[in-house]
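S.K.: Sequence:
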Amino acid sequence: MNKPQSFFHLHLISDATGETLLAAGRAASAQYKDARAIEHIYPLIRTEKQVAKVFEDIEEEPGIILYTVVDQKLARGIDERCATMGLPCVSVLEPVLTVFQSYLGTPAGRRVGAQHVLDAEYFRRIDALNFTMEHDDGQLPANMDDADIVLVGISRTSKTPTSIYLANRGIKTANIPIVLGVPVPESLVNAKTPLIVGLIATAERISHVRQNRILGNSSSYEASDYVDRAAITEELAYARQICTRHGWPMIDVSRRSIEETAAAIVALRGKSR
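Residue numbers (this note's numbering): 1 to 273.
Straight-line C-alpha distance at most 35 Å; calculated DSBU-like pairs for lysine-lysine:
#	residue 1	residue 2
1	53	73
2	33	53
3	73	49
4	192	271
Because the hints were derived from the structure by calculation, they are not lab data.
Work out the full structure: start from the sequences and follow the hints.
M.R.: So this is what it looks like as structure tokens:
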């Protein structure tokens, strides 16, 4: 018998954007299927006055506190306030910084938001994201050789979200839909530079996703063939045939998250170099 789901408050205090904390908090929360976190995010907390305001909110809804604050005086203040309130509190980056300091033999620079510096890597990611948005869903197929990765697949195989995720890692990613009976662009077939990967899934999975899309579509939509599993099976067979013919690796995304699919693609890219 399944336990009823419980809820708890998760307070995330950051002196930057809070992305690191959010990822860590969600990774930990995911291990507890019967407990759901109610997230409270406090970004850009850099003064004692801001910390005091945060704890006014925490007093109203106490819970677990995670923080990334490089200013050691502010960090001590957070620790002391949590101890007084009897609430669990963890500095997420501190154990990692300690390991780095031990290995590198020098203390961390303690720069707020250092991971968001506008350096060459940052602009490389922005360039990749711009490229990916311009080459979404088969747009601008003529310059496929400018891509690092091209994703192909039938509708609803997570091509666009996976492309955007890869772009955020600085990888120029285009995606092209495979439509039953329609040849893929010659520019893709002749491309020498990008890794081309086919995304597939089970007919059941794709039918379910497509049905949800139709339910959320306010305009009229011809649903019969779009969600029919026999028709989807035929689409998938055509997609597999194209990928096999051209020697493009395929990844089944049926039970993979976007992050897991992207990781598998990056691993393929490493092997292909």
